[in-house]
Structure formats: C-alpha cells, structure tokens
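Peer 1: Please work from the sequences and hints to get the whole structure.
From first to last, the protein sequence lines stand for chains A and B. Going left to right, the first sequence walks through residues 163 to 589 as the numbering used here numbers them. Going left to right, the second sequence walks through residues 163 to 589 as the numbering used here numbers them.
Hints listed in this document are in silico derivations from the structure and should not be mistaken for laboratory results. Note that the structure is predicted; figures quoted are calculated from it, not measured. Check each hint, because a few of them may be wrong.
Identical copies carry no separate label here, and so any pair may be met within one copy or between two of them.
To be verified - Okay, derived cross-link-like pairs now, DMTMM-like style, lysine to aspartate or glutamate, Cα gap no bigger than 20 Å in a straight line:
1) K247 <-> D266
2) K247 <-> D270
3) K431 <-> D211
4) K221 <-> E440
5) K247 <-> D261
6) K538 <-> E207
7) K428 <-> E585
8) K223 <-> E440
9) K428 <-> D352
So the chains spell out like this:
There are 2 protein chains.
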Amino acid sequence: MAVQTIASATGIDLGPAAALSCRECGHRVPLGPVFACEECFGPLEVAYDLPAGSPQELKDKIAAGPQSIWRYAPLLPVPADVAAKPNLNPGFTRLIQADRLAADLGVDAGNLYVKDDSGNPTHSFKDRVVAIALEAARAFGFTTLSCSSTGNLAGAVGAAAARAGLRSCVFIPYDLEQGKVIMAAVYGGDVVGIEGTYDDVNRFCSELIGDPIGEGWGFTNVNLRPYYAEGSKTLAYEICEQLGWQLPDNLIIPVASGSQLTKIDKGLKELIKLGLVEDKPYKIFGAQAEGCSPVSSAYKDGHDVVRPVRPDTIAKSLAIGNPADGPYVLDITRRTGGAVEDVNDEQVVDAIKQLARTEGVFAETAGGVTFGVLKKLVEDGRISPSETTVAINTGDGLKTLDAVAPTTGPTATIRPNLDSFREAGLA
Amino acid sequence: MAVQTIASATGIDLGPAAALSCRECGHRVPLGPVFACEECFGPLEVAYDLPAGSPQELKDKIAAGPQSIWRYAPLLPVPADVAAKPNLNPGFTRLIQADRLAADLGVDAGNLYVKDDSGNPTHSFKDRVVAIALEAARAFGFTTLSCSSTGNLAGAVGAAAARAGLRSCVFIPYDLEQGKVIMAAVYGGDVVGIEGTYDDVNRFCSELIGDPIGEGWGFTNVNLRPYYAEGSKTLAYEICEQLGWQLPDNLIIPVASGSQLTKIDKGLKELIKLGLVEDKPYKIFGAQAEGCSPVSSAYKDGHDVVRPVRPDTIAKSLAIGNPADGPYVLDITRRTGGAVEDVNDEQVVDAIKQLARTEGVFAETAGGVTFGVLKKLVEDGRISPSETTVAINTGDGLKTLDAVAPTTGPTATIRPNLDSFREAGLA
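Peer 2: Now the structure itself:
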C-alpha cells in the first residue's frame with residue numbers, strides 16, 4: 163500500500179481525535195486521510211484526548227444523548243455536533259436476552275445475549291463504521307464516498323452518501339448475492355462489479371487511490387480506514403451500557419478483516435480506563451467460516467502469521483482471504499483467553515435457523531458463522547453455561563436468502579377450504 | 163363473520179384496557195377473543211381507563227421507559243410488566259428529517275419527515291401490532307399464533323411466536339414474493355400457501371376460526387383484531403413525541419385494510435385528550451395503489467361505501483380488495499380535511515428510488531405508494547410546503563426487490579485494473 167502525503171491538521175475538527183498513531187511503532191502524525199505509518203508501514207489508528215470528569219458524569223451525559231452511536235460522540239473521532247448533520251444515525255440496536263437459545267445450547271437462563279445489528283438503517287453493522295468515515299470524508303473535503311465491499315458495506319456507503327448528498331462509487335465482486343447488489347445500487351450511486359474476489363477488489367481500490375482518478379475520493383476502508391474502523395468501538399460501548407455498565411465474560415465476534423474484533427477490544431479497554439465499567443477479565447472469541455478461515459487456522463496451528471487463502475464459503479460477507487487485522491485478532495484472542503474457531507456451511511445454515519426458531523432473529527450468513535461457533539464453544543466447554551456471553555449478529559438474513567432458500571419454504575399449499583387444510587395434516 | 167362466544171373477563175389483565183366497545187353502537191362487552199358486536203355486528207375496539215395525573219408526569223414516565231412501544235404501555239392493552247416478557251420489543255423507530263427529499267419535492271426545509279418503520283425487528287410496522295396481539299393471546303391462553311397475511315404480517319407472527327415459545331401457523335397467498343415467504347418460514351412455524359388472493363385467505367381464516375380445528379388459535383387479525391389493531395396507535399405516539407410532543411400538520415399513511423390509518427387517528431385524539439399535545443387541526447391522507455384503490459375510488463366519487471375490487475398491483479402488502487376499515491378511512495380523511503389518493507406501479511417504483519436517492523431509505527412497495535402519493539399531493543397543492551408533514555414508510559425494500567430489480571443493478575462490470583475502469587467511463 164502506498165503512503166499518501168499527510169494532510170495538514172489545520173482546521174480539522176474530529177472531536178476528541180488528537181492524532182493518528184501507528185499501532186506498531188507509535189509514531190504520531192496529524193489527522194488526515196492516511197492509513198499507513200510513514201516510518202514502518204504499520205497501520206495507523208486514532209489517538210484520543212479522552213474526556214475528563216467522573217465516570218458518573220460521563221454516564222449521565224451518554225444516557226441523555228441520542229438513541230444512536232452519537233450518544234458516544236465524546237469517545238469517537240467526530241465533531242461534537244455530529245448528530246445534527248444529515249447521516250443515518252445508526253446504532254443503539256437491541257441487546258436481546260436469549261433464554262430460548264440458551265436452553266437449546268445448554269447455557270444457563272439469563273446468561274446469553276444476542277446483539278442484533280440487523281436493526282441498523284441498512285441492516286448491518288457497517289452503518290456504524292460508515293457513519294464515522296462519512297464525518298472524516300466531510301472534514302477532509304472529499305466529494306465521492308467509495309469502498310471495496312463484500313456487499314453490506316456497499317449498501318451502507320450508498321445509503322449514507324445519498325443522505326449526505328455526496329456522490330458514491332462502490333466496488334464489489336461481480337458475483338455477489340442479488341439482494342446486496344440491488345441494495346447497493348438503489349441509492350443512486352455508481353456500483354462497479356469487479357471480475358475477481360474481494361481481495362482483487364481491494365487491491366484495485368489501493369491502485370485507484372494512488373492514481374489521479376482517485377483524487378477527492380474517500381474510500382471508507384482504505385484512506386479513511388483509521389476513522390472508519392473506530393465505528394466498531396460503539397458495539398463495545400452499547401453492549402456494556404445495555405448490560406448496566408458491565409463487561410460480559412465472553413464475546414463472540416465474526417472475523418472478516420478482523421477490524422471489528424480488534425476495535426471492540428479497544429472500546430472495552432477505553433471503558434475500563436474511563437472507569438465506566440469495573441475492570442475484570444473477559445474473553446474474546448473470533449468466528450470464521452471453514453471455507454475462509456485463515457485466522458482460525460493460524461490460531462489452531464499456534465502461528466503468529468496469517469497465511470492468505472482463496473475463499474469458498476456461503477458467508478460471503480466474511481470472505482476476506484487476506485485479513486488485514488488477522489495478527490491482532492490472534493493477539494487479542496490469545497491474550498484474553500479466548501479462541502478463533504470455524505464452522506462449515508451446513509453448520510452456518512443450521513445456526514441461522516436455530517437462532518430464528520428460538521429468538522425470532524433472522525441472521526445473515528455471517529451471523530450463522532458466529533452462532534455456529536458459539537454452539538461449538540459451548541459444546542466443547544470453552545464457554546461456560548454460568549458465564550455471561552454476548553454473540554453479535556452483524557447482518558440480516560434477508561440479504562442472504564440463498565443460504566436458507568433450499569430448505570425453507572411453505573409447509574403446504576392448499577385450496578381455500580377446510581377439507582384441503584385437513585388433508586395437509588396441519589390441523 | 164361469525165360472532166364467537168364471549169370469554170369471561172375474570173383474571174384478564176391487559177393494563178388500562180377496560181372492555182371492548184362497538185365502534186358502531188357503543189355496546190360494551192368484557193375483554194375476550196371477540197371482534198364483532200353481538201348487537202349490530204359492528205367492529206369491536208378496545209376501551210380504556212386512561213391514566214390519571216398531569217401531562218408532564220405522563221411525559222416523564224414515557225421518557226424514562228424502554229426504547230420500544232412499551233414506553234407507551236399505560237396507553238395500550240398490555241399488562242404493566244410487558245417489557246419483561248419475551249417479545250420482539252418493536253417500535254421507537256427513526257423519525258428522519260428529510261431535507262433532501264423536501265428539496266426534490268418543493269417542500270420547505272425542516273418541514274418533511276419520514277417515519278421509517280423498516281427499523282423494526284422484522285422490518286415492517288407489523289411487529290407493532292403483533293406484539294400487542296401476542297399479549298392478548300397469552301392472556302386468553304392461546305397456544306397457536308396465526309394470521310392471514312400479504313407477507314409482512316406472516317414474518318412478524320412467525321418471529322414473535324418463536325421468541326415467545328408459541329406454535330405459529332400462518333396463511334398467505336401462494337404467489338407472494340420469495341423473500342416474504344422465506345422470512346415467514348425461517349422462524350420454524352408452519353406456513354400455508356393458499357391458492358387465491360389475500361381476500362380468499364382472509365375468508366378461509368374466518369371459516370377456520372369457527373371450526374373446532376381453530377380452538378386455541380389466536381388469529382392476530384381476526385379474533386385478536388381489536389387488540390392487534392391498537393398497536394398502530396404507537397405510530398401516532400412516537401411521531402408526536404419525536405416532534406417534541408407536537409401534532410404534525412399532515413400525515414400520509416398507506417391504506418390496506420385501513421386499520422393503521424384509523425388507529426393512528428385514534429392515537430392522536432388520545433394524546434390531545436390527555437393533554438400530551440396541544441389541540442390543533444391536522445390532516446390525514448390515505449395512500450393506495452391504483453391497482454387496488456377501492457377506498458381512493460370511493461373518496462373521489464364521494465361515496466360512503468367501499469366497493470370491493472380484485473387487486474392487481476406490485477404493492478402486494480396493500481393488496482386488500484375488500485378493506486374492513488375502508489368506511490372509517492373515508493370518514494377520517496374527510497373530517498380532517500385530508501384525502502385518499504392513489505398512484506400507479508411506475509410511480510411506486512419512481513418514489514422508492516427517489517426516497518433511496520435523497521435520504522438513504524430503501525422502502526418496500528407500500529412505502530413507494532405512500533411517497534408517490536406524497537409527491538402527488540405536494541404537486542397539486544393539497545399539501546403546503548410550509549406545513550409539517552410526516553409520511554410513513556411501513557416496510558423494507560429488501561422484501562420487494564422484484565419491484566426495483568429490472569431497473570437497478572451495477573453501473574458497470576470491469577476487470578480489476580485502471581484501464582478497464584477508465585473504459586467504463588466512470589473516472
């Protein structure tokens with residue numbers, strides 16, 4: 163990846179964001195549309211001047227804030243007046259106490275929760291990260307919002323740009339699910355199918371950003387990535403606030419690039435540092451599909467390096483063969499005493515149906531991966547029935563109907579009379 | 163429709179619900195699973211002992227309540243502890259200030275709002291009504307939750323029953339959109355396709371309910387209809403609360419059975435009576451698809467009686483040819499100075515795309531009908547640019563992809579290199 167010229171920090175108001183800092187060597191640079199350290203090529207992330215004041219004051223301020231991620235604006239790289247600007251106001255989705263799923267899996271009642279991010283405006287967690295990237299794009303004066311995407315991100319970028327009045331141009335693998343393609347295109351921006359995998363799309367975007375064509379373009383997950391990625395912290399904030407400002411014992415998080423898991427861990431550590439939750443051990447588990455499990459494989463083999471793979475799974479939103487944050491996922495799951503685990507496509511479909519049948523939540527394939535891994539972890543004892551566990555459903559089953567379509571349909575088709583109903587054997 | 167034996171009111175705790183009262187003759191009966199007046203066959207609705215106390219006390223209580231329809235539990239036929247029971251906790255969806263759509267339509271900035279009910283758990287307003295029906299089903303000891311449905315209701319019933327641990331068996335026209343069929347079936351209940359229209363499905367359910375097979379069955383929109391319908395009042399409550407406890411000047415509401423429009427009017431009148439909003443005139447407009455516009459036709463012809471039609475429209479969730487509450491819709495729209503209007507299928511698709519392009523909201527065809535009618539009303543001056551107008555998006559575009567699929571897709575498909583991108587003419 164090419165290192166871009168560092169933009170001047172003058173006049174950039176992104177709230178508590180103070181600078182960008184290299185995750186590897188700690189080198190700091192002013193806020194700008196850059197993503198790789200000029201010293202060591204490590205990834206840059208946002209460094210904050212976190213708010214002063216007592217934990218209770220901050221809790222009260224959050225509780226009085228909007229019913230969206232903007233209640234946590236003092237902890238995010240966004241201006242203080244962000245809620246007043248046209249954006250999709252994502253977040254503050256339901257945390258569901260899942261007692262029927264718990265009973266099915268053998269977890270004690272009251273201990274299992276589903277964080278259901280299908281309730282976001284475009285029905286995936288991507289609305290969170292895009293909302294933050296949009297603010298950065300505005301701050302840096304970009305006029306086109308772009309991304310490489312496995313589908314959900316394309317829809318989230320298209321919708322956010324439409325609402326904000328920016329042009330959008332998104333890049334997707336040409337063979338995505340129809341629902342995701344239409345959802346990306348319906349907002350009126352340009353949608354470009356790329357003949358290749360997501361990793362090919364990603365490489366193309368890196369090329370585009372170094373070319374004069376890409377001037378004025380904010381790629382949410384490339385040159386805006388340091389800001390974008392911070393959006394996932396809000397999942398950590400919401401889960402803890404919704405648990406009554408407590409840390410869960412276990413978190414199960416799907417792993418595509420690994421960014422979400424990494425930033426949720428960052429968010430939890432911030433809450434501890436600010437005194438918003440009591441410090442105690444927690445375990446973070448990563449979930450992958452067997453057909454694209456480079457991080458899970460590295461975890462199981464005891465490696466620190468993640469070897470890229472060519473994805474082959476129905477969980478297309480997790481089909482990133484060369485995950486940028488893979489090494490950090492290994493580090494976090496090992497440090498917290500968690501793990502990275504994977505399930506096959508059949509287990510993905512079974513888990514989607516189990517969650518729907520027990521809790522009325524229809525997850526997309528990525529959710530199937532997460533809940534399939536949850537089942538595996540409970541069965542083999544790595545998650546204890548007596549601990550508090552939160553699993554994240556990051557997307558919506560309506561976007562991946564193909565996964566369940568072959569085994570889901572009407573029980574019977576009848577004529578509109580009682581005899582026909584009796585014949586169907588359902589009375 | 164057959165009148166059922168009245169259940170005893172003993173031990174039925176549905177909060178402030180005091181009795182059922184006939185909308186036509188005022189005859190009162192105890193709370194029970196009945197829907198038609200034994201005196202005059204008019205529709206029964208819930209009569210309340212509304213809460214005492216000052217408006218400010220009630221506002222404070224609501225503000226301190228959950229982020230769902232249960233914040234309004236003191237105004238609904240549900241027990242006081244309803245939020246603690248397993249249900250989908252729908253509602254409190256986003257009210258979006260739609261300045262870009264307003265600019266497109268010629269409405270003054272700050273005056274147009276979208277109430278986006280696609281944010282509900284199964285992505286339609288039906289989660290509201292089903293949540294209320296579920297409480298009634300529990301109160302009356304029903305073990306199967308059922309309905310006749312054009313799709314959205316089937317999904318909402320399936321999901322709610324799954325979460326509550328009840329059996330579900332829903333009835334739909336056999337030719338529904340695939341997304342809606344799968345969404346109904348994935349929750350593990352029975353889904354029965356009926357060879358006929360929605361009106362045929364509805365007639366079949368009325369027959370079933372009078373048969374011994376139907377014992378123990380709660381049909382959300384038949385024998386639980388008086389309770390179920392009350393769920394739509396929450397749209398009125400939320401809109402007014404989200405506007406800072408003010409009535410809008412105009413409301414645009416889609417008309418299928420007409421129940422939603424009727425109950426929103428009831429909710430607004432309750433808020434005035436309780437002093438939660440200042441009393442002032444408001445206009446209610448009903449929206450239908452040209453291919454199923456019995457109420458709009460009656461409105462335009464100056465009739466009080468609605469003549470049934472055979473539906474032929476892409477807006478299948480509004481395709482009720484014999485709308486039960488049609489006469490009340492005529493009454494309310496005329497009394498408030500509103501109107502009932504309709505748009506054709508092309509206008510429906512255009513409106514879906516306009517809303518997506520300007521506000522990042524992807525509506526289903528019913529939403530397209532509503533926003534198409536909004537456009538018509540603004541263009542012909544029946545809605546003034548200087549008045550506050552709220553239009554309701556009742557469902558999600560992901561469930562009616564077929565409507566936009568022919569005209570929505572990738573702008574281009576390219577090879578992963580800059581030359582190929584330049585050739586596509588998008589640089």
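Peer 1: Have a look at K223 and E440 and pick one of within, between, both or neither, based on CA distance no larger than 20 Å.
Peer 2: within (19 Å within a copy, 30 Å between copies)
Peer 1: Up to 20 Å between alpha-carbons, please classify K538 paired with E207: within, between, both or neither.
Peer 2: For K538 and E207, the Cα distance exceeds 20 Å both inside one copy (33 Å) and across copies (49 Å).
Peer 1: Taking 20 Å as the upper bound on the Cα-Cα distance, should K247 and D261 be classified as within, between, both, or neither?
Peer 2: between (39 Å within a copy, 11 Å between copies)
Peer 1: Taking 20 Å as the upper bound on the Cα-Cα distance, should K247 and D270 be classified as within, between, both, or neither?
Peer 2: Classified as between: cross-chain Cα gap 17 Å, same-chain 43 Å, threshold 20 Å.
Peer 1: With identical chains, the pair K431 and D211 could be close in the same copy or across copies; at 20 Å between alpha carbons, which is it: within, between, both, or neither?
Peer 2: Within one copy, since 15 Å is at most 20 Å while 49 Å is not.
Peer 1: Since the copies are identical, ignore which copy is meant and state whether K221 and E440 lie within 20 Å (CA to CA) inside a copy, between copies, both or neither.
Peer 2: Close inside one copy (13 Å), not across copies (33 Å); limit 20 Å.
Peer 1: How would you label the pair K247, D266 (within, between, both, or neither) given a Cα cut-off of 20 Å?
Peer 2: Close across copies (19 Å), not inside one copy (44 Å); limit 20 Å.
Peer 1: Which holds for K428 with D352 at a C-alpha limit of 20 Å: within a copy, between copies, both or neither?
Peer 2: neither (34 Å within a copy, 44 Å between copies)
Peer 1: With identical chains treated as interchangeable, where does the CA-CA distance between K428 and E585 reach 20 Å or less: within a copy, between copies, both, or neither?
Peer 2: Neither way: K428 and E585 sit 58 Å apart in one copy and 43 Å across, limit 20 Å.
When each numbered hint is compared with the structure, violations occur for hints 6, 7 and 9.
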